[in-house]
Structure formats: C-alpha cells, structure tokens
Amino acid sequence: MAGHSKWANIQHRKGRQDVKRGKVFTKLIKEITVSAKMGGGEVGFNPRLRLAVEKAKGENMPSDNIKNAIKRGTGELEGVNYEEIRYEGYGISGAAVIVDCLTDNRTRTVAEVRHAFNKNGGNLGTDGSVAFLFKHCGQFIFAPGADEEKLMDAALGAGAEDVINNDDGSIEVLCAAAEFLAVKEGLEAAGFKAEFAEVTMKPQTETEFAGEEGAKMQKLLDALEGLDDVQEVYSNAVIEE
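Residue numbers (our numbering): 68 to 308.
If you are wondering where the hints come from, they were derived from the structure by calculation, not from laboratory data.
Virtual Cβ for every residue (Gly too), placed ideally from N, Cα, C.
There could be a bad hint or two in this list.
Here are the computed lysine-lysine pairs in the DSS-like style, where the Cα-Cα straight-line distance is at most 27 Å [stated by the list, open to error]: (1) Lys186 <-> Lys90; (2) Lys186 <-> Lys94; (3) Lys202 <-> Lys104; (4) Lys94 <-> Lys138; (5) Lys104 <-> Lys94; (6) Lys94 <-> Lys269; (7) Lys124 <-> Lys138; (8) Lys94 <-> Lys260; (9) Lys286 <-> Lys90; (10) Lys269 <-> Lys286; (11) Lys94 <-> Lys202; (12) Lys217 <-> Lys260; (13) Lys269 <-> Lys283; (14) Lys269 <-> Lys124; (15) Lys269 <-> Lys90; (16) Lys94 <-> Lys122; (17) Lys286 <-> Lys202; (18) Lys94 <-> Lys286; (19) Lys186 <-> Lys286; (20) Lys122 <-> Lys269; (21) Lys134 <-> Lys90; (22) Lys104 <-> Lys134; (23) Lys90 <-> Lys260.
Quick list of simulated restraints, FRET-style, between CB atoms [what the hints assert, rightly or not]: (24) Thr193 <-> Glu279: 37 to 47 Å; (25) Ser130 <-> Glu216: 35 to 45 Å; (26) Lys217 <-> Ala178: 45 to 55 Å; (27) Gly188 <-> Gly107: 36 to 46 Å; (28) Ser130 <-> Lys90: 13 to 23 Å.
I would like the entire structure built from these sequences, with the hints used as guidance.
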C-alpha cells in the first residue's frame with residue numbers, strides 16, 4: 068500500500084495554518100454555533116458538535132466562548148443565522164478546488180469567492196463540477212518512524228478503512244467520516260497521537276506544482292482561505308516548496 072510522499076507537504080500546510088491563527092477562533096465559533104443549531108447542544112448526542120468543541124479546546128479557546136457559541140446555536144442567546152454553502156472551482160492548470168463557507172449573506176460570499184478565483188488565475192465552477200474527485204473521510208497522518216505494524220493493528224482494530232505507507236516514511240490512516248472520533252480515541256488509547264488529524268475532503272488524484280506555477284496556485288488558495296466567510300479550502304494540488 069505505497070502512497071505519494073506527503074510529509075513535507077503536510078508540514079508546509081500546518082505551518083501556513085499556524086500563521087493564520089488569528090482567524091481560527093472566529094471559524095470555530097461559527098462551526099460550533101451551526102453544529103448546535105443543526106444537531107442540538109448536547110455534545111454527547113451531536114458528533115459534529117463534539118468534534119468542533121474538541122478542535123476549539125485544542126486551540127485553547129476559553130470555555131465561556133464555547134458555551135456561548137452553543138447557546139447561540141440552540142437559540143438560548145441571540146446570534147447570527149449562518150448558512151452552509153459549498154463552492155467548487157478550478158485553479159491553475161485546472162486543479163480542483165472546493166470551498167466550504169458559513170455565511171449570513173450568500174450574495175456577498177459568492178461575489179468574494181468568485182473574485183478570489185478570477186483575480187488569481189482560477190474560475191468558479193458549477194455544483195458537482197469537482198466534488199466527485201474527492202472523498203469525504205477522516206484522515207490521520209503519523210510522522211516517519213512510527214511503529215508500522217502496531218499502528219496498523221490499532222487503526223484497523225479501531226475501525227479504520229485503510230492504512231497507507233507513504234514514500235517518505237509517514238503513515239496515513241483513513242476512516243469513514245462518521246467514525247473519525249471513534250478511530251481517534253482508539254488510536255490514542257493504543258498510544259498513537261497523529262501529527263495531523265481531521266475530517267476532510269481527500270483528493271482521489273493529485274496535481275503536482277512547483278516553481279512559478281506552484282506559487283500562483285498557493286496564492287489562489289491563500290486568497291480563498293483569507294475570506295471571512297470561508298471555513299475550509301480543499302484542493303488536489305500538491306505544491307512543492
């Protein structure tokens with residue numbers, strides 16, 4: 068089960084996310100609010116809310132912020148009514164891009180997303196234009212040097228669907244999105260803490276970029292991620308440093 072070398076790419080992505088910490092709380096509060104609105108405010112009965120709260124705690128968000136976001140979602144506190152919207156489009160050389168948003172103004176959001184695409188060499192597509200190129204799943208990345216055999220046993224025992232040995236020595240564990248928290252808990256109980264773990268849209272094929280083309284593609288992704296209404300940006304672009 069060999070896979071594309073991606074450890075450096077994951078580290079690069081994490082580094083870029085760390086730079087954008089200022090927006091993390093805002094995005095997490097939106098996610099907690101919407102999760103509570105859709106599935107109720109009880110963490111134990113709402114997997115999406117539980118995952119959002121875990122992320123918030125991982126970012127050291129104060130508990131009062133979390134509680135208030137839940138209350139806004141359940142209607143106990145007055146708040147903004149957010150709507151979930153997904154946009155699909157194309158980047159440099161036709162690379163696939165998915166943009167997930169939470170917004171209180173659909174007209175503003177689509178205008179900003181379209182502008183970001185057009186200004187940076189991409190274009191906004193139609194619903195379903197690239198989503199079929201991605202799989203909604205849970206993804207865990209472990210650093211090179213992890214005990215492969217024990218990790219595989221723990222992952223499969225916890226309900227993972229696949230374990231991929233990447234060319235650079237890192238190990239990738241994939242699971243159904245609905246099983247993410249169960250697999251995470253099973254892995255941690257076995258002593259394995261992932262360097263990177265999330266529910267994501269994983270590209271089924273990848274487009275590699277380097278040099279000037281890579282810089283252009285990164286600029287597009289940064290422009291989209293910088294928009295206030297954007298929660299997540301997924302792409303099949305692999306940009307070499």
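Structure-based check of all given hints:
no.: 1; hint: Lys186 <-> Lys90; result: holds, 22 Å
no.: 2; hint: Lys186 <-> Lys94; result: holds, 24 Å
no.: 3; hint: Lys202 <-> Lys104; result: holds, 26 Å
no.: 4; hint: Lys94 <-> Lys138; result: holds, 16 Å
no.: 5; hint: Lys104 <-> Lys94; result: holds, 15 Å
no.: 6; hint: Lys94 <-> Lys269; result: holds, 21 Å
no.: 7; hint: Lys124 <-> Lys138; result: holds, 17 Å
no.: 8; hint: Lys94 <-> Lys260; result: holds, 24 Å
no.: 9; hint: Lys286 <-> Lys90; result: holds, 18 Å
no.: 10; hint: Lys269 <-> Lys286; result: holds, 21 Å
no.: 11; hint: Lys94 <-> Lys202; result: holds, 23 Å
no.: 12; hint: Lys217 <-> Lys260; result: holds, 13 Å
no.: 13; hint: Lys269 <-> Lys283; result: holds, 22 Å
no.: 14; hint: Lys269 <-> Lys124; result: holds, 25 Å
no.: 15; hint: Lys269 <-> Lys90; result: holds, 23 Å
no.: 16; hint: Lys94 <-> Lys122; result: holds, 11 Å
no.: 17; hint: Lys286 <-> Lys202; result: holds, 24 Å
no.: 18; hint: Lys94 <-> Lys286; result: holds, 21 Å
no.: 19; hint: Lys186 <-> Lys286; result: holds, 10 Å
no.: 20; hint: Lys122 <-> Lys269; result: holds, 19 Å
no.: 21; hint: Lys134 <-> Lys90; result: holds, 19 Å
no.: 22; hint: Lys104 <-> Lys134; result: holds, 13 Å
no.: 23; hint: Lys90 <-> Lys260; result: holds, 25 Å
no.: 24; hint: Thr193 <-> Glu279: 37 to 47 Å; result: violated, 29 Å
no.: 25; hint: Ser130 <-> Glu216: 35 to 45 Å; result: holds, 40 Å
no.: 26; hint: Lys217 <-> Ala178: 45 to 55 Å; result: holds, 51 Å
no.: 27; hint: Gly188 <-> Gly107: 36 to 46 Å; result: holds, 43 Å
no.: 28; hint: Ser130 <-> Lys90: 13 to 23 Å; result: holds, 20 Å
When the structure is compared with the earlier hints, a violation turns up for hint 24 alone.
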